[in-house]
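K.L.:
What follows is each chain in one-letter form.
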Amino acid sequence: MALETQVEIKPQRPWQSTPRELAPTFYLLVASVIASWAIVAVTPMKGKLAYAFLFFVFGTASLSINKGRKLGRAAAVDSIASSVAMTGAFLVFLPVASILFTTIQKGVAGLHWSLFTQTMFTASYSDPISKGGLLHALVGTLYLIFISVVVSVPMGILTALYLTEIKGPGANFIQFIVQAMSGVPSVVAGLFIFASLIVATPIKASAIAGALALSILMIPTVTRTAQEVLLLVPMDLREAGQALGATQWRTVATIVVPAARNGLITATILGVARIAGETAPLLFTIGGSDKLNWNPFKDYQGALPFYVWKGLLLGTPESIQRAWTGILVLLILVLVLFILARTLGGRKMKSK
Amino acid sequence: MTTKPAAPAPREITTKPRLSDRIFRGTVTGVGMLSLAILTLIGLFLALRGFQTFKSEGFHFISGVKWESVTSDNGTVTNNFGVGAMLIGTVLIATVALVVGVPLSVLTALFLTFYAPERIKRFMVSVVDLMAAFPSILYGLWGFFVLMPMVQYWAGLLYEYLRWIPIFNAPQPFFERSPFVAGMVLAIMIIPIVTSVSREIFAQTPLDRIQAAYALGATKWGMIKAVVFPFGSSGVVGGAMLGLGRAFGETVAVFTVLNIVFKVNLHILYGFGGNVASMIILKWGEAVGSETKALLAAGFILFVLTLMVNMLANAIVKRTLKSGK
Chain A
329 MALETQVEIK PQRPWQSTPR ELAPTFYLLV ASVIASWAIV AVTPMKGKLA
379 YAFLFFVFGT ASLSINKGRK LGRAAAVDSI ASSVAMTGAF LVFLPVASIL
429 FTTIQKGVAG LHWSLFTQTM FTASYSDPIS KGGLLHALVG TLYLIFISVV
479 VSVPMGILTA LYLTEIKGPG ANFIQFIVQA MSGVPSVVAG LFIFASLIVA
529 TPIKASAIAG ALALSILMIP TVTRTAQEVL LLVPMDLREA GQALGATQWR
579 TVATIVVPAA RNGLITATIL GVARIAGETA PLLFTIGGSD KLNWNPFKDY
629 QGALPFYVWK GLLLGTPESI QRAWTGILVL LILVLVLFIL ARTLGGRKMK
679 SK
Chain B
390 MTTKPAAPAP REITTKPRLS DRIFRGTVTG VGMLSLAILT LIGLFLALRG
440 FQTFKSEGFH FISGVKWESV TSDNGTVTNN FGVGAMLIGT VLIATVALVV
490 GVPLSVLTAL FLTFYAPERI KRFMVSVVDL MAAFPSILYG LWGFFVLMPM
540 VQYWAGLLYE YLRWIPIFNA PQPFFERSPF VAGMVLAIMI IPIVTSVSRE
590 IFAQTPLDRI QAAYALGATK WGMIKAVVFP FGSSGVVGGA MLGLGRAFGE
640 TVAVFTVLNI VFKVNLHILY GFGGNVASMI ILKWGEAVGS ETKALLAAGF
690 ILFVLTLMVN MLANAIVKRT LKSGK
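In the order they appear, the protein sequences are chains A and B.
Each residue of the first sequence is one higher than the last, beginning at 329 in the numbering used here.
Each residue of the second sequence is one higher than the last, beginning at 390 in the numbering used here.
Honestly, I wouldn't trust all of these hints.
Only pairs whose alpha carbons sit at most 20 Å apart, straight line, appear in this in silico EDC-like list of lysine to aspartate or glutamate [claimed, not checked]:
hint : chain 1 : residue 1 : chain 2 : residue 2
1    : A       : Lys374    : B       : Glu549
2    : A       : Lys638    : B       : Glu549
3    : A       : Lys532    : B       : Glu589
4    : B       : Lys707    : A       : Glu556
5    : A       : Lys376    : B       : Glu549
6    : B       : Lys405    : A       : Glu567
7    : B       : Lys711    : A       : Glu556
8    : B       : Lys609    : B       : Glu589
Hints in this document: simulated from the structure, not taken from any laboratory.
Since the structure is predicted, the reported quantities are computational estimates derived from the model, not experimental observations.
My request is simple: use the sequences and hints to build the entire structure.
P.N.:
Following this line, the structure appears as structure tokens:
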């Protein structure tokens with residue numbers, strides 16, 4: 329019987345504000361909305377900007393005065409600071425929301441099935457969007473991504489291994505170089521491939537030249553992320569491997585890398601997300617063909633960012649519609665990669 | 390009767406790595422050095438191809454404000470290449486971007502580190518990371534069609550009320566495609582990097598100092614002012630410089646929103662300007678011969694500029710992060 333009379337203890341959270349404590353804040357914010365509306369209606373200040381600005385001023389001031397009356401000057405200043413910090417974060421959120429909203433709103437209008445089965449070879453960019461498609465660009469982008477992955481992932485991971493496993497005498501310096509490399513402007517990467525390969529070697533503008541330019545941008549991203557996850561692998565595992573008599577090579581290949589597998593995949597995905605939408609290097613390196621080209625080593629290649637770029641530069645309503653649709657497809661690709669990286673990264677954290 | 394198997398010979402005890410290890414270490418070290426090689430090659434090739442331009446233009450290539458290649462009737466080509474105007478434009482636009490972007494980033498980082506509840510924090514971190522993953526051409530497109538009309542309105546307000554400050558003045562009230570618009574787009578583009586560096590630094594603030602401030606009765610803001618800012622300010626400067634490096638090198642977004650004209654324009658609201666990166670792609674299409682070389686030389690200048698800014702920034706950030714440990 330004793331079991332049934334157990335009292336369930338409700339967890340108490342004394343640090344959380346009760347509705348009663350929150351009520352003044354709510355009333356003051358409502359009052360601020362009304363006040364800013366009234367002022368916009370009466371004075372010559374007009375527009376959304378005026379609403380937002382007045383609401384911010386009234387809200388911050390009234391909350392601060394309310395706090396200050398009860399708790400003194402320091403609390404009033406503190407209240408202003410938290411309002412300002414919150415507003416700052418909200419202002420950062422706004423453009424992201426706007427970008428996602430605009431892209432979907434404008435891009436969806438041009439989505440149709442033949443977009444993915446046709447190329448621009450026989451169509452012009454100023455034709456209505458139902459004519460022609462972006463198959464060539466999609467194929468080009470997939471080629472670029474594939475080759476960049478093949479080049480940069482082994483390089484990035486091996487560099488990360490150098491930084492975490494070997495910790496050679498040059499490790500600090502290489503770390504510094506990798507960081508410097510991540511700041512190389514994308515246009516410079518394109519110019520470099522042009523100046524070194526396209527001018528001087530038989531490799532002409534093609535998917536492979538573009539992918540090599542993109543690899544310069546991708547390697548630092550992969551290296552830094554891979555390095556972070558390799559550092560998360562517990563030292564004990566490495567020591568266990570050594571204690572069992574494994575050589576360093578066996579330890580790394582059979583213990584460290586498998587333990588960090590998810591993280592390394594995340595590193596790859598983040599690297600791909602970094603380069604998938606790069607436009608500037610492609611302008612010098614892939615030629616920007618409108619024809620389907622299955623050979624990544626020869627002839628001009630198209631790519632999604634290039635497709636958007638051409639549509640944008642032409643500037644007719646139809647071509648701009650193409651640009652929006654192209655960027656929507658690109659954005660979906662980036663979003664999928666982003667979510668993949670997030671879920672994998674999240675799982676890695678939990679298993680730790 | 391069974392024969393005893395021979396005891397295995399004792400293994401040689403040595404610290405000399407085995408062959409497999411030597412191959413492994415050699416390969417990994419070699420690949421590790423490749424990034425250094427790539428960076429050197431970039432500088433080398435661009436300098437090499439641009440060498441002729443540097444030689445014929447001399448210092449004028451940096452200070453000159455004209456970019457023209459004139460072919461006269463008898464076929465002689467007179468070149469006059471100088472990136473001066475574009476360098477000034479690059480700095481101008483990047484400054485606008487920093488002035489707008491850095492305060493927002495620092496506020497966001499403060500909000501995320503010290504104010505936000507766990508759920509909102511996780512959401513906002515994703516938002517900021519997503520911003521970093523958006524392609525620059527998307528920022529360009531959005532900046533042109535969505536942001537520019539708004540910024541033009543803000544520019545109008547600035548012009549109307551703050552014209553007495555020289556940089557907000559303009560010969561005519563013509564605000565379309567101005568450095569101000571480009572700076573605004575860049576401000577949004579540098580927010581992710583500045584925010585994440587600032588956040589990393591704020592999170593490294595020694596906990597004992599934070600708790601000491603609270604124990605002495607500080608409010609949250611008092612604690613931030615007394616502990617977080619003194620600890621993190623130099624790191625935030627480093628983060629801002631990383632943002633500056635990004636802003637210097639941004640190409641496509643600036644090209645899309647800015648009206649690129651080869652003149653020095655210090656009126657940020659007035660509708661023309663330029664930066665080195667966007668000028669390279671503007672001139673690339675029609676460039677032949679010596680102009681291509683001059684563009685590669687301009688690429689070299691841009692490379693050196695961003696490399697210096699980035700190296701300095703990384704050194705500063707690293708020093709701050711270390712001081713917290």
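K.L.:
Decide, hint by hint, whether the structure agrees.
P.N.:
Comparing the hints with the structure gives:
For a cut-off of 20 Å, the pair hint linking Lys374 of chain A to Glu549 of chain B stands: about 15 Å separates their Cα positions. The hinted pair formed by Lys638 of chain A and Glu549 of chain B fails the criterion: a straight-line CA distance of about 37 Å is larger than 20 Å. About 43 Å separates the Cα atoms of Lys532 of chain A and Glu589 of chain B, which puts this hinted pair outside 20 Å; it is violated. With a CA separation close to 15 Å, the supplied pair Lys707 of chain B and Glu556 of chain A stays within the 20 Å bound.
For a cut-off of 20 Å, the pair hint linking Lys376 of chain A to Glu549 of chain B stands: about 18 Å separates their Cα positions. The hinted pair formed by Lys405 of chain B and Glu567 of chain A meets the criterion: a straight-line CA distance of about 18 Å does not exceed 20 Å. Restraint check for Lys711 of chain B and Glu556 of chain A: satisfied, since their Cα atoms lie roughly 16 Å apart, inside the 20 Å limit. Our distance criterion of 20 Å between C-alpha atoms is met by Lys609 of chain B and Glu589 of chain B, whose separation comes to about 19 Å.
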